[in-house]
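Trainee: Numbering-wise (UniProt numbering), the sequence shown opens with residue 1 and increments by one.
These are computed hints drawn from the structure, not numbers from a lab. Note that the structure is a prediction, hence the values are computed from the model and not measured. Where a beta carbon is used, it is the ideal one built from N, C-alpha and C, also for glycine.
Result set (DSBU-like, lysine-lysine): computed pairs, CA atoms no more than 35 Å apart in a straight line:
#	residue 1	residue 2
1	K673	K616
2	K80	K395
3	K669	K682
4	K47	K206
5	K673	K541
Label pairs and their calculated CB-CB ranges:
#	residue 1	residue 2	range
6	S689	Q179	56 to 66 Å
7	L560	V166	53 to 63 Å
8	A207	N16	12 to 22 Å
9	E649	T512	26 to 36 Å
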Amino acid sequence: SDHMENIYGYLMKYTNLVTGWQYRFFVLNNEAGLLEYFVNEQSRHLKPRGTLQLAGAVISPSDEDSHTFTVNAASGEQYKLRATDAKERQHWVSRLQICTQHHTEAIGKNNPPLKSRSFSLASQGSANSPGAQRRPSQNAVSFFNVGHHRLPAGKRVPIMQPDHLVNVREMMSQAEGQQRDLIRSIECLPASGHLTSLDQDLLMLKATSMATMNCLNDCFHILQLQHASQQKGSLPAGTTISWLEPKISLANHFKNGAAQNFPAEINKPASVSEEQSIAEPCQLTREPEEINPDEELEDICDDKEDDLGAVEEQRSVILHLLSQLKLGMDLTRVVLPTFILEKRSLLEMYADFMSHPDLFIAITNGGTAEERMIRFVEYYLTSFHEGRKGAIAKKPYNPIIGETFHCSWRMPKSEVATDAGTNSSAHSLSEQGTLPKDGEGQEEPDYYTVKFVAEQVSHHPPVSGFYAECVERKMCVNAHVWTKSKFLGMSIGVTMVGEGVLHLLEHGEEYTFSLPCAYARSILTVPWVELGGKVNINCAKTGYSASITFHTKPFYGGKLHRVTGEVKQNVTNTLVCRVQGEWNSVLEFTYSNGEAKYVDLAKLSVTRKRVRPLEKQGPFESRRLWQHVTESLRDGDIDKATEHKRALEERQRNEERLRAETETPWSTKYFLKDGDGWVYHKPLWKTVSAAQTQQTDSN
1 SDHMENIYGY
11 LMKYTNLVTG
21 WQYRFFVLNN
31 EAGLLEYFVN
41 EQSRHLKPRG
51 TLQLAGAVIS
61 PSDEDSHTFT
71 VNAASGEQYK
81 LRATDAKERQ
91 HWVSRLQICT
101 QHHTEAIGKN
111 NPPLKSRSFS
121 LASQGSANSP
131 GAQRRPSQNA
141 VSFFNVGHHR
151 LPAGKRVPIM
161 QPDHLVNVRE
171 MMSQAEGQQR
181 DLIRSIECLP
191 ASGHLTSLDQ
201 DLLMLKATSM
211 ATMNCLNDCF
221 HILQLQHASQ
231 QKGSLPAGTT
241 ISWLEPKISL
251 ANHFKNGAAQ
261 NFPAEINKPA
271 SVSEEQSIAE
281 PCQLTREPEE
291 INPDEELEDI
301 CDDKEDDLGA
311 VEEQRSVILH
321 LLSQLKLGMD
331 LTRVVLPTFI
341 LEKRSLLEMY
351 ADFMSHPDLF
361 IAITNGGTAE
371 ERMIRFVEYY
381 LTSFHEGRKG
391 AIAKKPYNPI
401 IGETFHCSWR
411 MPKSEVATDA
421 GTNSSAHSLS
431 EQGTLPKDGE
441 GQEEPDYYTV
451 KFVAEQVSHH
461 PPVSGFYAEC
471 VERKMCVNAH
481 VWTKSKFLGM
491 SIGVTMVGEG
501 VLHLLEHGEE
511 YTFSLPCAYA
521 RSILTVPWVE
531 LGGKVNINCA
541 KTGYSASITF
551 HTKPFYGGKL
561 HRVTGEVKQN
571 VTNTLVCRVQ
581 GEWNSVLEFT
591 YSNGEAKYVD
601 LAKLSVTRKR
611 VRPLEKQGPF
621 ESRRLWQHVT
631 ESLRDGDIDK
641 ATEHKRALEE
651 RQRNEERLRA
661 ETETPWSTKY
671 FLKDGDGWVY
681 HKPLWKTVSA
691 AQTQQTDSN
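Based on the sequences and whatever the hints tell you, model everything.
Mentor: Have a look at this one:
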């Protein structure tokens with residue numbers, strides 16, 4: 001009875017993107033089964049600002065941190081709350097769960113379970129919606145009692161044996177199939193008329209049935225863990241756990257830094273021998289791997305994303321997704337439909353920003369600090385166009401933690417712009433004495449090599465690190481990016497939180513820069529991408545800086561993809577260059593002496609990246625990891641692509657749970673945490689510094 005007393009106190013409540021978190025005074029009314037909140041304690045005698053019915057609700061501690069939890073009502077409304085510490089969260093969660101259970105059971109007694117039956121949309125006659133078929137007393141909570149069987153009084157639930165788990169999985173598979181049939185039946189309804197696929201009750205039925213299956217998945221996972229713990233905390237060799245996805249081996253389930261069992265790849269191509277599959281676990285090491293650029297071949301993939309067919313065909317799925325979203329909702333944990341995906345990982349998209357290596361290398365060839373800053377701005381503004389694959393806004397794959405991507409570019413030295421009066425090649429060769437050489441006396445190649453590596457270093461929040469270097473020109477760039485997605489109504493906004501640093505070691509200069517926000521507009525018609533926001537580029541040593549603004553299109557009139565910028569010398573506050581134009585079309589650079597330069601991005605040569613063949617890539621390299629999803633998307637088989645994608649995501653969730661349960665920290669492969677950022681483990685500035693020190697000592 002003590003646990004059924006009313007409790008009250010202050011909690012933080014997430015309101016929306018603009019307002020964020022706010023302190024509110026909450027009251028748990030156990031007798032009425034209500035969670036109410038007020039602006040403050042003094043307004044408690046007034047009408048509550050909000051009320052949730054707890055019968056049938058789900059109380060979920062968040063895995064974001066130890067303070068946050070959510071209350072998901074049967075009506076679909078959700079409160080996202082935050083306590084002051086983990087102890088207070090546990091107090092609220094336990095009391096809310098007790099109250100929820102009490103009132104859910106009470107409703108079950110007042111509304112006895114219906115006989116098991118299947119609902120047929122075709123047999124509903126002239127009803128406007130499923131809501132018209134409900135009895136007045138059959139609310140959202142009693143819906144969950146359909147087909148429910150009570151255990152005889154006094155009987156205890158037996159401990160689940162492995163064969164029982166198999167039976168449970170089979171029943172869940174059947175339920176999942178019935179749920180898919182229900183979704184198809186709803187989506188096959190006409191878009192207009194008496195009963196449509198956009199009926200509010202039908203959209204709610206789709207959402208609740210999907211949420212129920214997700215909840216059952218979580219419960220089944222708990223049963224599996226309980227069974228595993230009863231086996232003295234370890235599983236026999238070769239034991240597998242069945243799931244709604246393909247089986248996942250847990251013998252050495254992603255033990256970080258050790259040999260691991262990689263799940264059998266779905267529909268593995270016949271060209272990959274069985275012996276290779278068996279040998280793969282030994283290859284899964286977290287030790288950094290040196291990639292030989294000579295093993296990489298020029299990329300022949302050219303996946304343009306101009307196909308609107310899938311978007312047109314799947315419009316009902318988009319509408320269903322929109323019906324579940326709220327303005328300002330964080331989309332980081334929202335599983336988006338497969339048909340809106342690009343055929344590449346986000347890590348590869350970052351690599352495609354380097355598709356003009358001639359402009360990148362030319363930065364360090366600038367004869368003055370002013371020219372080097374302007375060249376960097378030119379390279380920066382031309383990088384975004386090639387980063388997009390086609391005119392249609394599609395989303396790259398979300399990298400899984402530990403995923404990596406490697407590539408390189410070869411750029412003929414004769415095609416790289418040099419400073420007037422400077423022999424760039426001779427200058428480069430004269431500086432090589434300070435760098436370690438693998439082959440003394442070998443003929444110097446007539447091209448520069450730019451190497452690139454990216455790694456997903458964190459899952460929550462999703463953070464990627466990437467690094468590129470040109471050893472011959474002693475320049476490198478290191479960056480980390482945290483992508484934060486928000487639902488904005490008829491568009492989706494992505495904030496690129498993070499920072500990059502370009503190092504020009506020949507000049508001792510560092511250029512810090514940020515990235516603009518990206519927006520997917522008109523997601524119900526023809527989705528397209530625009531960039532927005534203000535970014536800054538700064539070089540502390542020289543005092544030069546650039547301020548660049550990506551302008552979003554006004555509601556009425558205005559140009560698309562407009563960008564403006566200025567380059568200044570901060571010490572004298574002198575404007576040295578203005579930039580204007582479109583970041584995906586033509587850019588105009590106007591210099592302080594009155595001269596102007598035009599850059600037509602459509603005419604800029606694109607250097608194809610070089611990538612190792614799939615058979616030489618590691619299991620966690622992007623193209624090999626996502627190969628079955630990519631192949632299915634190329635074939636237009638959305639269902640198959642979704643199946644492969646879900647298998648990867650489910651495996652990642654299982655591995656994350658296991659690490660949390662075993663308190664095993666994640667260990668990155670190529671990047672090291674440095675304050676709030678991530679730095680490549682073997683950056684060029686350390687290599688050059690060590691080589692120079694060694695040369696000084698030898699002299």
